[in-house]
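For the protein sequence lines, the chains are C and U, in the order given. If you use the working numbering, the first sequence corresponds to residues 1 to 475, in order. If you use the working numbering, the second sequence corresponds to residues 1 to 276, in order.
There may be inaccurate statements among the hints.
Said to hold, decoys possible - Once the Cα atoms are required to be at most 25 Å apart in a straight line, the calculated PhoX-like pairs of lysine-lysine come out as: (1) U/111 with U/91; (2) U/91 with U/39; (3) U/111 with U/46; (4) U/71 with C/445; (5) U/91 with C/445; (6) C/81 with C/396.
It is worth saying that the hints were derived from the structure and are not from the lab.
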Amino acid sequence: MAQRSSRMARRFNSRNEAPGKDSRERSDRWKETPPKGFLPRVTRRDFLKTLPVAVAGAAGFPAIVKAATLGREGAVPPSDKIVMAGIGFGMQGIPNMRAFLQKDEVRWVAVCDLDKEHLKQAQGIVNQHYGNESCATYHDFRELYARGDLDAVSIAVPDHWHAILSISAARAGLDIFGEKPFSHSLAEGRAMCDAVKRYGRVWQTGSWQRSVDNFHRASELVRNGRIGKILRVEVGLPAGHYDFARTFGQWAVGPPPRELDYDFWVGPAPFVPYCKARVHMNWRWNMDFGGGQLMDWIGHHLDIAHWGLGFDYAGPIEVQGRGEFPTTGIYNSATRYWVDAKYADGTPFVLAGGYDEIQSGTKWIGEYGWIWVDRGGFETQPAYLVNEIIGPGEIKLIKSRDHCQNFVDSVKNRALTIAPAEVAHRSASVGHLGVIAIETGRRIKWDPATETISGDAEANRLLSRAYRGPWQLPA
Amino acid sequence: MTNQKIQKTVIAVLALGLIAAGAAAQTTDAQTMKRTVPKDLDGILKALASYDGGLESDAYWDLRNYVLARKDTPEARLACEEKLVAFLDSKATLTAKTDVCRQLRVIGSGKSVPVLEKMLLQKDTTDIARYALEKIPGTDADDALIGALAKTKGDLKKGIITSLGQRKARSAAAELGKLLRGPDPEYAGAAAIALGQIGGMDAAEALGKFLAVTSPLFKETIARPCSDAPRNSSRSKTPRPRSRSMTSSSAKSFRPSSARRPCAVRSPRQGTKPGN
Chain C
1 MAQRSSRMAR RFNSRNEAPG KDSRERSDRW KETPPKGFLP RVTRRDFLKT
51 LPVAVAGAAG FPAIVKAATL GREGAVPPSD KIVMAGIGFG MQGIPNMRAF
101 LQKDEVRWVA VCDLDKEHLK QAQGIVNQHY GNESCATYHD FRELYARGDL
151 DAVSIAVPDH WHAILSISAA RAGLDIFGEK PFSHSLAEGR AMCDAVKRYG
201 RVWQTGSWQR SVDNFHRASE LVRNGRIGKI LRVEVGLPAG HYDFARTFGQ
251 WAVGPPPREL DYDFWVGPAP FVPYCKARVH MNWRWNMDFG GGQLMDWIGH
301 HLDIAHWGLG FDYAGPIEVQ GRGEFPTTGI YNSATRYWVD AKYADGTPFV
351 LAGGYDEIQS GTKWIGEYGW IWVDRGGFET QPAYLVNEII GPGEIKLIKS
401 RDHCQNFVDS VKNRALTIAP AEVAHRSASV GHLGVIAIET GRRIKWDPAT
451 ETISGDAEAN RLLSRAYRGP WQLPA
Chain U
1 MTNQKIQKTV IAVLALGLIA AGAAAQTTDA QTMKRTVPKD LDGILKALAS
51 YDGGLESDAY WDLRNYVLAR KDTPEARLAC EEKLVAFLDS KATLTAKTDV
101 CRQLRVIGSG KSVPVLEKML LQKDTTDIAR YALEKIPGTD ADDALIGALA
151 KTKGDLKKGI ITSLGQRKAR SAAAELGKLL RGPDPEYAGA AAIALGQIGG
201 MDAAEALGKF LAVTSPLFKE TIARPCSDAP RNSSRSKTPR PRSRSMTSSS
251 AKSFRPSSAR RPCAVRSPRQ GTKPGN
C-alpha cells in the first residue's frame, strides 16, 4: 500500500509539476549540453523543415491508434480496465480465469502457483487469449501482490491458504474473487471478514449458484412467503470422497516432484510427508487442507437456504451432528454425515450427505407446501408456484446472471457483490460448526452475535488451528 | 447353448464387471466405520510409532477412535493423555508424533506442557508442539511459550510469538513489547500482530508508544494491531456488528483505479459457471 501510494504520488507529481524557477534553470542548461538520453534542442526553423514529412506520415497512417484504445466502438480503454491476476490453477482457478478473460473490462496480467506445470498452463491460456507473451508468472503470492499495479485477484487454492492469501490481498488493496468454502476455520472466517471491511475491498465468493436463475427464483419465492412460515429446511450434499485428480491409490510416501514446492504448499498446515494422492484436487478430503464434502458444498446449497430465508447475516444457535469416517487411508474427512441446526426463530435445518431421505439440493418446507431447488432442478408443491411471478411490491433479491460479471461490476461501482464476505462467512460457519459437533460428539451452543461457543471449552479449541511457522495471519 | 442363454450369460458377466469396477472406485468409502474401537492404547501406539503418513494408517484411526471414545470421562481422558505424552518422548516418527499432537489439541492439559515445552525448542517438533500447546488452557502453557521465546530464533521464535497472540496471553505482553522495540523487524512485526490480538490497555499502550517513534515504513504494520488492541480482550463478549455495508470505513483506501471514470456497463450475459 505504501509502495503504491508513493508510486502514485510520483506519477501525479510528474504530471502536474509547475514550470517554476528550477525547471526553467534545467531547460537553460539543456541549451548547452543535452543530458544523456534526451533529444537535442530543436529550433523553430528545424521543426518547420521536418513538418511536411510529419504531415505526410500522419496522412499515410491515420489508424495507427486503435479505436478500442481510445474507448470507442463500445470497447473499454486500457486505462479503465480492471487489472487482475490469479493464484492457484490446479482446479477451479482455470475456469474462473477463463470466465474473466471473456470480460472486456478485465486485463489479466499475471498468474501465480506453486506448481510449475500449473503455472505454465495458466500462462499459456492467458498468452493465447491476448495473442502475446506478456502474462507474468509468480511463485510466491507476496511478490505478486508487491507488483503494485493490480486491482483484483482471483484466489482458488486449497482451503488452508484462503485466509492468509485473502487478508494479504486486502492489505495490498486488492479486490478479491475467492473460492468457497470461504474459510478453513471459524476464526479465520471472522478475520477475513474484518480485513475485507477494514481495507474496503470488494469480495465475491465462488458461490455461483446465486447467479443462476432457478436458485434465484426459488429463493425469492421463499422470501416472499409463498409457502408460508418455514417449518424445516433440508440441505442435501454429496457423500464419500471423489477422485478428482485420479490419484486414489497413489498413497506411497516419497519426495515431492520437482515442479511442486511442497513445503510452501503445506504452508501453515501441519507438515505431513508428500504422496501424490494428498495434493492436487484431492487435498479436499484431508482436514488439514480442506473440509471434505460438507465444507466443499456448504457454500452452495446451505448458502442458498440462507438466501431464501433472509438469513444471510444470521447463524444457528444449536448444532449437533454425527459422521462416518474412513478407517484407513490418508483422508480423514467424513464420508457420510448428518447435521441438525436450529436457528434463533426456531427454524430447524438438516444438512446431510449420504442419506437417501435428504434430497440433493435445498428444500424449504413450509406451512403451505415446499420448494426444492438443485442444479438443473426446481420443483414446488403446489406445482403452480414454479411459474409464480414476484410482484412489484414484493421483495426482490439481487439479480445476477453472470457471477464473474457481478464481481466486475461491483469492483467498478464499489458495491456489494451477490456473495459478499460476511454472507459467505455465515454460510461456511454452519459447516464449521457441523464439523466441530461431529468431532466432539456434542450439541454445540453457538452465539452468532459474538461468534463463540457457550459452555464447551473443548469445542472452543476447535475454532482455529495453530499455524506452522513462520506463517501468521496478517492484521 | 441357445442365443437366449448366451445373452443372459453376457449380461451377467457385464453386470458383475460393473459391480466390481464400482466397488474398486469406492474403495475408500467402503471401509467406513467397520472397525471397532480398540481397547489397548499401548498396542495402538506401538503400531503408530512407525507410521510414515501413507496408506497404512490403521494405527492413526485406532488412536483417533480410542481417544474420542474416552475424552468425555475425566479418568480415562487423563490416562490417555499420560500415555500420549510419554509417546512424544519416544523415538517414534514425526508423523506419528504429529498425530498424537492432534489428539492433545483436544484433550491436552497442564500435564502435557513439560514435554511440549521441550519440543518447542526443536526445529522438527516445534510446530506440532504448538499445534497442541496453543489450545491447552491455563497459564502453564503461556509460561512455556514465553520461556521459549528467549531460547529460540528464526521461524521457531516467530511461531511462538504467533501462538502467544492466538492464546491472547496477557502475561506475554511485556516480552512481546521488548520484541516490538527490538532490532529484528520480523519479530517486531509478528509481535505487533500478537499484541493486537492479546488486546487490553497494556498492549494498546505498548503499541501506541511504539507507533509514535517507529519509522514511517513500519507504521503501517503497527497501526492496525494498535487499533485492534483496545477492543480485543480474552473475555470480550461484545456482539460483532452485522455489517451489511462494506464501505463504512473503506472510502479512504479505494484503489486509484476505482476513481477513474466509470467503464461502459455492458448488458449482463450468461457467463461460464465456475464448476463446483
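Against the structure, the hints:
no., hint, result
1, U/111 with U/91, "holds (20 Å)"
2, U/91 with U/39, "holds (23 Å)"
3, U/111 with U/46, "holds (21 Å)"
4, U/71 with C/445, "holds (19 Å)"
5, U/91 with C/445, "violated (41 Å)"
6, C/81 with C/396, "violated (30 Å)"
When held up to the earlier numbered hints, the structure conflicts with 5, 6 and fits the remainder.
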